[in-house]
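Enquirer: One letter stands for each residue in the lines below.
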Amino acid sequence: MAVLDILTLPDERLKQVSAPVTAFDDALRAFIADLEETRQAGPSAVGIAAPQVGHFQRIVIMDCSLTRKPVPNHGRLVLVNPEITEWDGHDVGREGCLSIPDYTGNVVRAARIKLSAQDPRGDSLSFEMTGFEARCAQHEMDHLDGLLFIDRVVSRRTDLFRRKVYK
Amino acid sequence: MNNWYMLTLVGADRTGITAAVTQALFDADMNLGEASMLRLGGSFTMMLMVSGAAGADAVVSAVEPVAHQLGLKVHVDAIDGQLHEHLEPNVHVTVSGADRAGIVAGVTGALADAGLHITDLSSDVAGEASQPVYIMQIEGQADTGIDALRAAVTARVGDAMDVHIRLIETLLG
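So the sequences go chain by chain: A and B. Here my numbering = 1-based position in the first sequence + 1. Here my numbering = 1-based position in the second sequence + 5.
If you are wondering where the hints come from, they were derived from the structure by calculation, not from laboratory data. The reader is advised that the hints may include incorrect statements.
Stated by the list, open to error - In silico SDA-like links for lysine to any residue, alpha-carbon gap of 20 Å or less:
no.: 1; chain 1: A; residue 1: Lys70; chain 2: B; residue 2: Leu177
no.: 2; chain 1: A; residue 1: Lys70; chain 2: B; residue 2: Glu174
no.: 3; chain 1: A; residue 1: Lys70; chain 2: B; residue 2: Ile151
To be verified - Just the calculated beta-carbon pair ranges, DEER-fashion:
no.: 4; chain 1: A; residue 1: Glu38; chain 2: B; residue 2: Asn36; range: 33 to 43 Å
no.: 5; chain 1: A; residue 1: Lys115; chain 2: B; residue 2: Leu43; range: 38 to 48 Å
no.: 6; chain 1: B; residue 1: Thr23; chain 2: A; residue 2: Leu126; range: 47 to 57 Å
What you are looking at is a predicted structure, and each value in this text was computed from that prediction instead of being measured. Every residue, glycine too, gets a C-beta built ideally from N, C-alpha and C.
This is chain B alone, in the form it adopts within the complex (with noise of 0.2 Å):
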């Protein structure tokens, strides 16, 4: 079994920074695992599972470099976490509404309540900045049925926000 790091660089976006962070991995022979990475409100964000490395301060030996050179700060923590862990989502979650203070919270916490283990979150801030429209896509894993969460959701937060939950039904062929 591999020795698995999670690494995290955010910093001011800019051309080349995943081509220079991988790069340095790759020279100081470490591997990559899952990743994800993208833009958030002008920052790059980077979470990556490196594997490879003698310990966390190798890891961070080996893209500190790069790092400097581009403004990144960065975080590495040593994790139990394997390849092949992955839970397959089958409810899909749409929140969109005006923006208010404690919409996430207000939602996750009744799917919570009502059963849902989230397995993938993104949110994001649209139209204008006189008028900001909150839209939130979850995906995730429940075993009560969506009649269920859309309860819950809807005694939390009523109309406040436009909420749609379906189900996953992923088609193996």
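Chain A on its own, in the form it takes in the complex (with noise of 0.2 Å):
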């Protein structure tokens, strides 16, 4: 087990799009330990991509269980080779990443999710996701393709108006 470095802008190589996992072998299993170690010796991130230490393998770790608000989640999750299948709805939130420190902003993602992955052995995991966790899985899967939320900031002067009544 170890602790990873992460990369940090303007790190070219967090622009470089990852290859699927093909071999669901002891060394994945050990490089998922790795990052999750990773994830949790930082500051509290909800998520982390296998890009973000250098390792370009669509390998995703989440876990939106621990939030101030509780929201709906399905605690850890180890997600290879993720595809989100469905998209409905969006939603403005705020987004900051391990890779961009001491920056925040505000990103529109969809509110709801259908997902399909595998797990670390291959077997095949299928989930439907709402609100703050389907944003962490859009956010951590963005790294698998290159891409950053700050690809993604809207205006915080021009913030969406909610349609929900939040009671």
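Bring the two chains, given one by one in their own frames, into a single complex with the hints.
Expert: Structural data, given as structure tokens:
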């Protein structure tokens, strides 16, 4: 087990597109253990993607179970080769990134998604996610395609009005 | 540590103000930090953190020619602030309703009393000239929780304005 170095802007490697995982072996699982140790070692990140530590395979870890105000979530997830199969609605939310210290911005994301992936042994997984957890999955999966949230930031001054009334 | 100056410029809006001002600062070997530039009521307003100057007078001298040419008022202050002092907001407030006197004072007074530290506020007047609508977006930091903020605003402005207060849960990923 090891805490890995996190790539930070302006490291060009953050723009690299990651390759699908094809070998579900002990090396993969050892890397996932290191990635999780890295996520937990830093500031309280709800997610981390393999390319953030310079490992360009399609692997994401996320855990939305510890937010200040509880949100619907599936606990800690290791997603290998994740794909979003359905999108619905949109919401504005605030994001920051381990790879972009000392900056946050508002980003529009799909409010509800369906997602398929594989677990570290190659078995199929599927989830329906909403709200914060769906946002987290989209943020992390962007890393797999070399995209950062700053590529999607919308102006703080034109924050969209909420259509729903929150009680 | 850098010595930072806050440079404020205001003048009738036109194309090219940002480019001309920032080029003048660059030509004088000065650097920019955080900045806010926006159009308010037909004026263009700029507030820029500037470093690399020998003093406030040097900042004024650097921008004076373009300010004169573009009709901009200039103001410079030395500041204690530095970069990387962001205060992360955890509350977002939206206020809207028919425009009337005292909206900002009423709402922000109630929020301040309830413990909200405002980090960003922008307001606009929309609608028709005969029926103006006031819209305000506030971000800030509060430890008190949003129920206390809501109660404070409701007690102060009642139903006169549409007020929505929500938590900002910043996703770090």
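Enquirer: Just to be sure I understand the hint, the distance between the Cβ atoms of Thr23/B and Leu126/A should be within 47 to 57 Å; is that true here?
Expert: 49 Å Cβ-Cβ, so the 47 to 57 Å window holds.
Enquirer: Is the hinted range of 38 to 48 Å satisfied by the C-beta distance from Lys115/A to Leu43/B?
Expert: holds (40 Å)
Enquirer: Are the Cα atoms of Lys70/A and Leu177/B separated by 20 Å or less?
Expert: Roughly 15 Å separates the two Cα atoms, so the pair holds.
Enquirer: Mind checking the hinted window 33 to 43 Å against the Cβ distance between Glu38/A and Asn36/B?
Expert: Holds, at about 38 Å.
Enquirer: With the threshold set at 20 Å, check whether the alpha-carbon distance from Lys70/A to Ile151/B stays at or below it.
Expert: holds (11 Å)
Enquirer: Lys70/A and Glu174/B were given as a pair; does the straight-line alpha-carbon distance stay at or below 20 Å?
Expert: Judged against 20 Å, a Cα distance of about 8 Å means the pair holds.
Going down the numbered hints, you'll see the structure goes against none, and every one checks out.
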